[in-house]
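Peer 1: Taken in order, these protein sequences are the chains called A and B.
Just so you know, the first sequence maps onto residues 1 to 534 in the UniProt record's numbering.
Just so you know, the second sequence maps onto residues 1 to 534 in the UniProt record's numbering.
Mixed in with the good hints there might be a few duds.
Straight-line alpha carbon distances no greater than 30 angstroms define the calculated BS3-like cross-link-like pairs of lysine-lysine that follow [as the list claims (entries may be wrong)]: (1) A:Lys306 <-> B:Lys306; (2) B:Lys306 <-> A:Lys519; (3) B:Lys190 <-> A:Lys123; (4) A:Lys519 <-> B:Lys525; (5) A:Lys387 <-> B:Lys306; (6) A:Lys371 <-> B:Lys500; (7) A:Lys516 <-> B:Lys120.
Bear in mind the hints are in silico, worked out from the structure with no lab data behind them.
Computed from a predicted structure; not experimentally measured.
There are 2 protein chains.
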Amino acid sequence: MRLRSYRNFGSAGPEAPLAATARCFSSSRPRPLQQTPSQRVKLTSETYPDIKRDSRFSPLTKEHVAYFRGILGSDSAVIDGVTNESAADDIEPFNSDWMGKYRGQCKLVLKPGSTEEVSKILKYCNDNLLAVVPQGGNTGLVGGSVPVFDEIVINLSRMNQIVEFDEVSGALVVGAGCILEVADQFLASKGYIFPLDLGAKGSCQIGGNLSTNAGGLRLLRYGSLHGSTLGIEAVLADGTIVDDLCKLRKNNTGYDLKQLFIGAEGTIGIITKASIQCPQRSAAQNVAFFGLESFEKVQQAFREAKGQLSEILSAFELMDESSQALVGEVTKNRRPLEGKYPFYCLIETSGSNADHDSEKLGAFLEDVMEKGIVSDGTLAQDETQIKALWAWREGIAEALGHLGGVYKYDVSIPLQEMYQLVEDTKARVDAAGLLGDTDEYPVREVIGYGHMGDANLHLNVSTRRFDKRVEQCLEPFIYEWIEKRQGSISAEHGLGLQKKNYIGYSRNATTIGLMKGLKTHFDPKGILNPYKYI
Amino acid sequence: MRLRSYRNFGSAGPEAPLAATARCFSSSRPRPLQQTPSQRVKLTSETYPDIKRDSRFSPLTKEHVAYFRGILGSDSAVIDGVTNESAADDIEPFNSDWMGKYRGQCKLVLKPGSTEEVSKILKYCNDNLLAVVPQGGNTGLVGGSVPVFDEIVINLSRMNQIVEFDEVSGALVVGAGCILEVADQFLASKGYIFPLDLGAKGSCQIGGNLSTNAGGLRLLRYGSLHGSTLGIEAVLADGTIVDDLCKLRKNNTGYDLKQLFIGAEGTIGIITKASIQCPQRSAAQNVAFFGLESFEKVQQAFREAKGQLSEILSAFELMDESSQALVGEVTKNRRPLEGKYPFYCLIETSGSNADHDSEKLGAFLEDVMEKGIVSDGTLAQDETQIKALWAWREGIAEALGHLGGVYKYDVSIPLQEMYQLVEDTKARVDAAGLLGDTDEYPVREVIGYGHMGDANLHLNVSTRRFDKRVEQCLEPFIYEWIEKRQGSISAEHGLGLQKKNYIGYSRNATTIGLMKGLKTHFDPKGILNPYKYI
Chain A
1 MRLRSYRNFG SAGPEAPLAA TARCFSSSRP RPLQQTPSQR VKLTSETYPD
51 IKRDSRFSPL TKEHVAYFRG ILGSDSAVID GVTNESAADD IEPFNSDWMG
101 KYRGQCKLVL KPGSTEEVSK ILKYCNDNLL AVVPQGGNTG LVGGSVPVFD
151 EIVINLSRMN QIVEFDEVSG ALVVGAGCIL EVADQFLASK GYIFPLDLGA
201 KGSCQIGGNL STNAGGLRLL RYGSLHGSTL GIEAVLADGT IVDDLCKLRK
251 NNTGYDLKQL FIGAEGTIGI ITKASIQCPQ RSAAQNVAFF GLESFEKVQQ
301 AFREAKGQLS EILSAFELMD ESSQALVGEV TKNRRPLEGK YPFYCLIETS
351 GSNADHDSEK LGAFLEDVME KGIVSDGTLA QDETQIKALW AWREGIAEAL
401 GHLGGVYKYD VSIPLQEMYQ LVEDTKARVD AAGLLGDTDE YPVREVIGYG
451 HMGDANLHLN VSTRRFDKRV EQCLEPFIYE WIEKRQGSIS AEHGLGLQKK
501 NYIGYSRNAT TIGLMKGLKT HFDPKGILNP YKYI
Chain B
1 MRLRSYRNFG SAGPEAPLAA TARCFSSSRP RPLQQTPSQR VKLTSETYPD
51 IKRDSRFSPL TKEHVAYFRG ILGSDSAVID GVTNESAADD IEPFNSDWMG
101 KYRGQCKLVL KPGSTEEVSK ILKYCNDNLL AVVPQGGNTG LVGGSVPVFD
151 EIVINLSRMN QIVEFDEVSG ALVVGAGCIL EVADQFLASK GYIFPLDLGA
201 KGSCQIGGNL STNAGGLRLL RYGSLHGSTL GIEAVLADGT IVDDLCKLRK
251 NNTGYDLKQL FIGAEGTIGI ITKASIQCPQ RSAAQNVAFF GLESFEKVQQ
301 AFREAKGQLS EILSAFELMD ESSQALVGEV TKNRRPLEGK YPFYCLIETS
351 GSNADHDSEK LGAFLEDVME KGIVSDGTLA QDETQIKALW AWREGIAEAL
401 GHLGGVYKYD VSIPLQEMYQ LVEDTKARVD AAGLLGDTDE YPVREVIGYG
451 HMGDANLHLN VSTRRFDKRV EQCLEPFIYE WIEKRQGSIS AEHGLGLQKK
501 NYIGYSRNAT TIGLMKGLKT HFDPKGILNP YKYI
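Extracted from the complex, chain A is given alone in its bound form (with noise of 0.2 angstroms):
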């Protein structure tokens, strides 16, 4: 063994063995919360005095909800909070986004069954001016999901069909509330993979999805939903059905319409069914978690990893380690490595021959630690401790939630800077005096972590407590370091609310104007998403 000080899982001795103490984290994915009616966050309308519901928008009658209650049938499948006040409650979940940070005032929940059922209730909508909100798992950061005043919520969720499976092509067509995981499991058991996989899985759907052109944790070995999507069924506001359904890799006949959906925010159309060509899921996988000195030498390790381990390469995430003490501190797990470094990245590969696969990342992390880029490493020796593993990673949102509040920024940065935001957005919250150990301050620390391999940071503020000073401090100074860097200020989560504001540094005025032309366009009375996007 010619490794310095790499040490496997196996030789860690037997207390608190981590994958049994960390696998709490496997199910900690972000899920809506169960808020009591006292902890009810502020109405987004308060929050936000300057957004002001347009008044082309009708008010709704119980005509408009006896209108939906025809189309829909099922008693379920409409949450009338119009006319029988006692459903307020049942409502409340798709008003506020599971941060708690959006709480929107809408009365009436549709939950349409059919294409044919989105078509007939955006018609309507359409007709009469009233103004609604596409909900999917309603797992999005930015405020997207949820209504802001009176919006009807369209929700996805019973449209959750897998619809068909090509064995031979790894053609999925999947409804538009089918939740991201049903359908990984599913192509699980057909030996394929969904190209897409996020921390929110078990609650996302498919939809949602596409229309936020989610990024996650194998963009970088599958790329994006822009690639992957062959075609989309789709509801424009006035109710025509875009049948644009393809299942074929190649169909070069006409503008590729399916693209405008992807990532729209449901702001010119509702999404309704999907067709997504699946890779075939590899038969090996390995983790390496190791720990790094400097940000200079985690791209080293990055570059090394692009050169060595190449095509089997599924992931190659960052952690600073105030992140990784955050999570140690949260679930009292023992950490991977013995020592602390400034820097820990998470590498997995996936493969076709498990044997072939070690052998490569045996030999990367052999190299990187002779040449002094890795300090400390450690490889999963099983299924087990691959899941504690990706815990570390994984587990960094939810101990975060558990601290306060927190201002999230997930950024796209050119490689090089990445990390400098946050040690530049540290230094200036310290410099503010904002910053410390003791209750006198606001914020506890300031964190990154995220995907490397598609330099994507995600930039967090945890707090103790709302401090008007600390939002002062923080914006617009982000966005402007962005934009001084060409980044986004958006990487993988979507304008929403959050970011519609801001869209001006990371697009010029040109883009701009065109995606209100297209807006307008698609959606010429504006019922679709309002107060939202661009």
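Since chain A is already given, all that's left is putting chain B on it; use the hints.
Peer 2: Below, chain B without anything else, positioned relative to chain A:
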């Protein structure tokens, strides 16, 4: 050695080494043909008398030419056949496609050197109602890049810069006129690869590749340009410069405008620059070529290859015996295998470890031979042999060109029925008394080959001479056959002029209506590539 009749080139004996004799094909990728005036094909307007010049468009005058000279400065950037009749021969190559199938009547070719020049040209054309045809390497198959009447050709060949390359992220920014092979060779020097490869790589330009959403040989591995394009700079009909030249892998800030230009064949704007996500170049490459007894066995081999070769599989190409007999007849090269089989497949693997890849490929070949899926096979031993084997696939188009006219159909069909179209077409042409070995029959052969991995068939009907009955026998039969199976009438070559009127076989009225709406939205005067696409 457990393989039954498996042999390597190295043991094939001294006579007629394939590697040497097949070399000529490595430069046989399609290029614009040089034609003498006597060889000139019929004008498109004569071949298609139903297409009339749009009288809204102004005829070109010497004042127009003077304006463009004022913008473009350099004499060589303007080829003027308006005021100078002797320029007709210089203009001819821009009027004709390389297959000699379409011929326009353009009298003015403009070769802008910058995005600003493209902008000024288009603004003037839009203001003065002058129709234009954007043109790249002019290597298309459907007449999309040549004029029909007197449209101005805007040729992008001078905008061929490699603008920048990020060696950490793999993001490449190029001018639209950059030749694909030039970009790929540049990337090779940096250890990267262009995610697209196709027969015309020595002539085609990246702007044209994007505008036609070219598929080609690497799509199986690296996906479509909709996934690998990070950003685009384009100019709209009215001269507006759209700078959406993002270099980030993730940027979810508004509609993904760049997607609109990919595959739009220059009908909503002219692409001037592009940013492409390039993968690292694999260190090892292997190519195997084998013969199979049925299309059922081809499908089995494909399924086994996807499973066993998985992440290293980079091409799975199909050729029928007719196509291979033809290449042999034209090149006089020795066939790769001794026996004849109804089908042949070429498999390419690309990976980071030559030993691992060889082991996987060897095990795969042994397995498919033992199972009786593959009847005979050979494996290239070096780079020269790799090129030689590829020549049997890539040389088909050129070999066909040597024999006379060809009706070419580039289509997608669900994999199970992919080859059935060749058999049904052959039976139909035969039943019509049009197919035979002697000169009295207009059709020489019906040939099928293509990208098995993408269910993309190239159906070719090789003719001895033009005979109206052949086209009547083929169309709309082939399109109707494809429509029944929900295939695509244009897998990777676009619509152009050839398939403009057939789009209804692959797209429904609603989506076609939306496309027309988008066209009008972006190019209200219709000056961009009129008479084509939708």
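Peer 1: Hint by hint, say whether it matches the structure.
Peer 2: Hints, one by one, checked against the model:
The straight-line distance between the Cα atoms of lysine 306 of chain A and lysine 306 of chain B is roughly 23 angstroms, inside the 30 angstroms bound, and the hint therefore holds. Simply put, lysine 306 of chain B and lysine 519 of chain A have alpha-carbon atoms about 41 angstroms apart, too far for the 30 angstroms limit, and the pair is violated. Between lysine 190 of chain B and lysine 123 of chain A the alpha-carbon distance is near 54 angstroms, which puts this suggested pair outside the 30 angstroms criterion. Between lysine 519 of chain A and lysine 525 of chain B, the direct Cα distance comes to roughly 21 angstroms. Compliance with the 30 angstroms bound is thereby established for this hinted pair.
Restraint check: the Cα-Cα separation between lysine 387 of chain A and lysine 306 of chain B comes to about 27 angstroms, which is no more than 30 angstroms; the hinted pair holds. Only pairs whose Cα atoms come within 30 angstroms are accepted, and lysine 371 of chain A paired with lysine 500 of chain B is rejected, the gap being roughly 59 angstroms. The straight-line distance between the Cα atoms of lysine 516 of chain A and lysine 120 of chain B is roughly 24 angstroms, inside the 30 angstroms bound, and the hint therefore holds.
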